[in-house]
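Could you put together the complete structure from these sequences and hints?
Number of protein chains: 2
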Amino acid sequence: MDASEWEQAWTGLKDRFAKGEVGFYDSPVTPDLSQQQESETLASEILKSGRFTDCLFLGIGGSALGPISFLAAVQEKASSAMRFHFAENPDPVDWKTTLGRLSPESTLVCVVTKSGTTFETVSQFLAAAEWLGRSRLKTNLVAITDPSKGDLRAFAAKEGIRTLAIAPPIGGRFSVFSPVGLFPARLAGLSTSDFLLGAKQVRDYIEKTPAEKNPLFIIGQEFVRQASRRSVHVCMPYSNRLRMIGDWFVQLWGESLGKDGKGFTPLAAVGATDQHSILQLLRDGPDDKITLFLTVDHVDDPVKIPKIDFGPGHGEYTSFKLLQGHTFQDLLQIEYRATSQVLTRQGRPNLTLRLDRLDERALGALYFAFSVLTAFTGALMNVNPFDQPGVEEGKIYTREALTEQRSPTD
Amino acid sequence: MDASEWEQAWTGLKDRFAKGEVGFYDSPVTPDLSQQQESETLASEILKSGRFTDCLFLGIGGSALGPISFLAAVQEKASSAMRFHFAENPDPVDWKTTLGRLSPESTLVCVVTKSGTTFETVSQFLAAAEWLGRSRLKTNLVAITDPSKGDLRAFAAKEGIRTLAIAPPIGGRFSVFSPVGLFPARLAGLSTSDFLLGAKQVRDYIEKTPAEKNPLFIIGQEFVRQASRRSVHVCMPYSNRLRMIGDWFVQLWGESLGKDGKGFTPLAAVGATDQHSILQLLRDGPDDKITLFLTVDHVDDPVKIPKIDFGPGHGEYTSFKLLQGHTFQDLLQIEYRATSQVLTRQGRPNLTLRLDRLDERALGALYFAFSVLTAFTGALMNVNPFDQPGVEEGKIYTREALTEQRSPTD
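Protein chains in written order, with this note's numbering: chain E, 1 to 410; chain U, 411 to 820.
Honestly, the hints are just simulated from the structure, not real lab data. Here the structure is a predicted model, which is why all the values come from computation and not from measurement. For glycine and all other residues, C-beta sits at the position ideal for the given N, C-alpha and C. There could be a bad hint or two in this list.
To be verified - Quick list of simulated restraints, FRET-style, between CB atoms:
#1 Thr41(E) to Lys548(U): 57 to 65 angstroms
#2 Asp710(U) to Thr41(E): 42 to 50 angstroms
#3 Ser516(U) to Glu21(E): 52 to 60 angstroms
Structural data, given as structure tokens:
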């Protein structure tokens, strides 16, 4: 791949950003796109009211994976006491269980669908609206949707329901820097400023670094160069807190690049757990994978593995002795290095992205870096990373089935 | 593939079963292998004592995914009030959070490692032993491990800790029909008899059905026939309760078949959620996948999507009207059919496994069917589905690193 291909891909993308077709790249620097202030104000008002112990968050895919993964990654930093319940799937058993734990008086329902018509989310919204009762719609509901289009927007306007807008150029899976991510984060007591700052720092770095020296572009180029041989990309953080970032990545990567017969299969794993699950396949299966490790250098309390005085027989337990004196965090890091070494010795490509610690700034940087990597890789592959035509057909069939199968009493 | 290949694969497997090399196939009919009675007795005794509100379950991979997925799938049927906490990964942040919620007096710690030396589990065991205090080891601890080998077995014998045995021919990822799955299930108040019955019914069916008419063998054959072209197998249940069965399947499939440069990449998804994540890739990406849907015909309360009287403007919300009168369960089933239709029209192979309902019997049948499918597919591919040589190298590096990096004070 020569320099002209890079330049062409990046110039083409920058053109689309400049034309305002794609919002995520500018959302850390353009208040209208992030709507940070509106999210802050509404969240503060709600927290101050002291009315709510719980937030029932209705949204699916791009409307959910950003906030779910962000809140999970820094849950120890959350300073508000609000409990979050994410209801992605309209699963009847989970729905009943979740509502059974909540009270309509003290629950804030946050409903997110950009189109305002997503079947799964609208069905939950209707059930939640009935559960809240009409008198509470103005106080206990926040709708996050397109600023002017869709059923949810129309309904909210008519009923006087509080809303936040997802700017039209911001696509679902790139929406974590919009109110979709920022409002729940602020509600949880996290710093959205630090989060946007992390994103902005990556953006600044990209802006001032020559394309051929930008590691994200180098990685994207390598992925494309190896595409015909290695089409599975494993995202394997060594931290439970980053597990859901793997799920967010799966959507971002799968939906953005999987079109026109091209694309990579994203696989989310968690280390060390999944060494006991897929390492065998990564090492000895087909050589069709690239593994991306994520590690965290510093955790506040690494948890010491204790030396226990087991009495005279102590010496015989070799595995106990080996571990004592280390910490859980040491063990995770050692296992990451062992796994990376196993793959490297077997000639299986892998790369590592190190976070210094889990905080809002680092996460803002991580989400932004992955988003740019996705956009750039798509541009190199000549696919449009910002649409999802393959999802629409399923929606049509679902719509048809819902229409045909209406019960005669309706 | 001609009949002789089938026969050879199945005869070879049956030989290994008959020789006692592989325990799972006989565990539903051989009490020594399942140790059902021992699990029942110990669980009943513990429940009767009334001492425990919580079970902290230490195990990873094959020692955890069985019970985690089994308990999650039928959590509504669990009749004991014991809360389960599965600590797979030695993640320091999660460990602190989990212990912070528990009290050593009222927590039963269940530690599972067949070898008795698994680093992750042993490190947690040591931390838990310190937390419990030595005086509680005899009352608050149960160790599930090899009947004679390993540090955990030796330690338990010396300290008088209660134990259950994993019969040597039962490998980790095939261990859900041993005390690894049966003991926590019984502790949760589930029927292990129904679970084993479901497995036995599948076994009986296989025994009396000619191989060429056995659907599991037909599926395995088709997977192998398409292996060079379609190497990614997506397991996509349309039920949140079956989400963790997907993770169990990923280990079973990845670790059993991923060797000698062969193998399939297992991908766990959940419908309808992941229509918003990977359907785009399944439909329009490379034609290298086969999707296996799992559906549930009956749920007790399908959750009606309410018709709300929104007043005069009601008619304008088309998506609201379309959904009203259906149930959440309808919607999930409609979305499954739409997704399957999308893939089929695009020529993307998919198959569906229908469960009539989520109960112990159906799950026993499901785990057993998947286990046989795995064993048979491995035999057809000429790989040994029961070992995992690629995991061992990582253990060696980890062991070396633990030895080298010991602090000088140890």
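Next item on the list: Could you work out which earlier hints the structure fails to respect and list their numbers in ascending sequence?
Entry: none
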